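Chains A and B are the protein sequences, given in the same order. Heads up: the first sequence runs through residues 982 to 1254, numbered per the numbering used here. Heads up: the second sequence runs through residues 327 to 643, numbered per the numbering used here.
Since the hints were made in silico from the structure, they are not lab data. Note that the structure is a prediction, hence the values are computed from the model and not measured. Incorrect hints may have been included.
[To be verified] As a list, the in silico BS3-like pairs of lysine-lysine whose alpha-carbon atoms are at most 25 Å apart:
#1 K449(B) with K1241(A)
#2 K454(B) with K605(B)
#3 K553(B) with K987(A)
#4 K605(B) with K987(A)
#5 K605(B) with K449(B)
#6 K563(B) with K553(B)
#7 K1241(A) with K553(B)
#8 K553(B) with K449(B)
#9 K1241(A) with K605(B)
#10 K563(B) with K454(B)
#11 K449(B) with K987(A)
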Amino acid sequence: MRFLGKTVMWAAIAVAMVIALFPFYWMLRTSISPQEDVYLSGMSLLPDGFTLDAYGRAWTDGGLGHAMLVGAIVTGAILGIQLLTCLPAAYVLSKVHSRWTAIVLGVILASVLIPAQVTLVPTFIGINLAGLGDSMAGLILPFITSAFGIFLLRQQMMSIPTALMEAARTDGLGHVRTLVTIVTPLCAPGIAAFSVFTVFATWNEYLWPLLVARSPELRTPPLALAVFQSADAGFDYAALAAGAVIVTAPVVLLFLFAQKRFVQGMSGTEVAG
Amino acid sequence: MTAVAPTRAAQREAAPAAAEGPAPRKVSAAERFDRIVPALLIAPAAIGIIVFVLVPAVLSFVAAFFEVPLAGGAWTFVGLDNFVRVVTDPAIVQAIGNTLVYSALTIVPSLAIGLGLALLANKAGRAKPLVRTALFLPMTANLVAMAVVFNWMFATNGGFINEMLALAGIGPVNWTGSPDTSLLTVALVGVWRSSSLTMMIFFAGLSTIPTSIDEANRAEGIRGLTKLWRITLPMMKPTVVFATVLSVLTSVQAFDTINVMTQGGPLGSSETVLTMIWKLGFSYYDLGAASALSLLLLLALMGVGILQRRTLAGGRS
């Protein structure tokens, strides 16, 4: 009975892992298959040949090479700016206690609940009125701060003992120096989780670039891939799969190397083990 | 100001390290500066949230009650007309119905599968990190890229799924191209994705349950479903609520997969509220209707939020 239970358990785990991983395997397998074989090979699990041609087609014909550059710039800029806006805000909201910080905190927590699609249309009109439609600034500007990020960093800062901060203040350190020299190093894990989450969310953002990036030079990786599928590539599944690998690789690698921080950033909680 | 300065000075005297600190007059200027520093520190984030969240949200709310002319110019107050239009337009009603069906197909299955997988992975012993990493992977992938891959797997000719079904003698199914199966197909991808997300959250929740509870259960002979229902789930009630809310949000707001795989078609069969808001706002430039529909969605989501509060409050009493 016990043995049977174990067998069923491991069988269930195996099936779940196959279902979870199969699309990734199929993506890789299709991406290295010769173009003419993709259709013919049907469901043979192993590729019939090996070629990296499809990656070349995705990189140049699909515009993914340029899109990766745009993605890196947009992601880097948004991460940098968000750190500059969220860290100080989280510091004030966790360590300065007054009636007005309580009000600001309430407003920020409430704004986490406002879904993006409610603000989408007015934000788009505003960006266009400011003359930033179809520009790099237009891609970045709406993401200069993140209510969720402030919330996440504040959680981490709350765990820093208040006595430590008071000691720093008594030593004559101002808020800025306390933040830079004491609080920031101490909440490095929280900052790492925040950064992983921001890179993940920004890299994968599709809705906003779909609206703003009308010029091909501004396409971010997911947008370039979607355009490649709908227009240029048609049924060149090998090139599309190669493009999917290119778009997915950075975030999957980020996850594999920073799994703990990734989970912390996603679920807002620390995971033991 | 004068009331505060002496106390600070007293503190400074008490701290030996600060004995040779700056002269008192200089301090009071610095202190005055220190008072406004918090406001300055919070200003960039506050301005960002006001400009890009609060003001657009208010504008969206207002626009729902106005006719917004395409070419610019004065808005005309139309009361509830936009809402009436939204709930009587057959295409939009279909999109609302599709969203409910999509949610039914994804929310409960992904919660059940996610919980099951978290429990399984938690028992995997030394293989735990490997199992966990593999099962988290769907959550981490780029959704547009996976939609492209699933499009190929669900392709009518030469797609992996149809080739498999052909072995069982089932004729080629036109997964994304037929009104009967398009919504089901995007929902299957949704479950693949969301199960990984809910599993991640349940997994985090399970790790917060102390091992002593497990030992006590074993001693008492509480096992299996009884343990899950009576002990594990109640102990991680906040986690269950969080996973439920998140899976409702991801289901109701599904966009990327649908936009890439079916564009809401064929014949609107996979159109959801979110893709409809998109179409109203950016294809038909009907901002009033788009705002009205997004407001209705917000109300529905707020209902979920209230349910969440109720459940959590119930847990405390």
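Here is what the structure says about each hint:
For the hint linking K449(B) to K1241(A), the alpha-carbon distance of about 19 Å falls within 25 Å, and the restraint holds. The suggested pairing of K454(B) with K605(B) is violated, with an alpha-carbon distance near 44 Å, which exceeds 25 Å. Taken as a hint, the K553(B) and K987(A) pair is honoured in the structure, with Cα atoms around 18 Å apart against an allowance of 25 Å. Taking the CA atoms of K605(B) and K987(A), the gap is about 51 Å. The hint is violated against a cut of 25 Å.
Taking the CA atoms of K605(B) and K449(B), the gap is about 46 Å. The hint is violated against a cut of 25 Å. In summary, the hint linking K563(B) to K553(B) is supported, as the alpha carbons are separated by about 14 Å, within the 25 Å threshold. Restraint check: the Cα-Cα separation between K1241(A) and K553(B) comes to about 28 Å, which exceeds 25 Å; the hinted pair is violated. Taking the CA atoms of K553(B) and K449(B), the gap is near 15 Å; set against the 25 Å cutoff, the hint holds.
This hinted pair does not check out: K1241(A) and K605(B) have alpha carbons roughly 39 Å apart, beyond 25 Å. Note on K563(B) and K454(B): the hinted pairing holds, with a Cα-Cα distance of about 23 Å set against a maximum of 25 Å. Restraint check: the Cα-Cα separation between K449(B) and K987(A) comes to about 10 Å, which is no more than 25 Å; the hinted pair holds.
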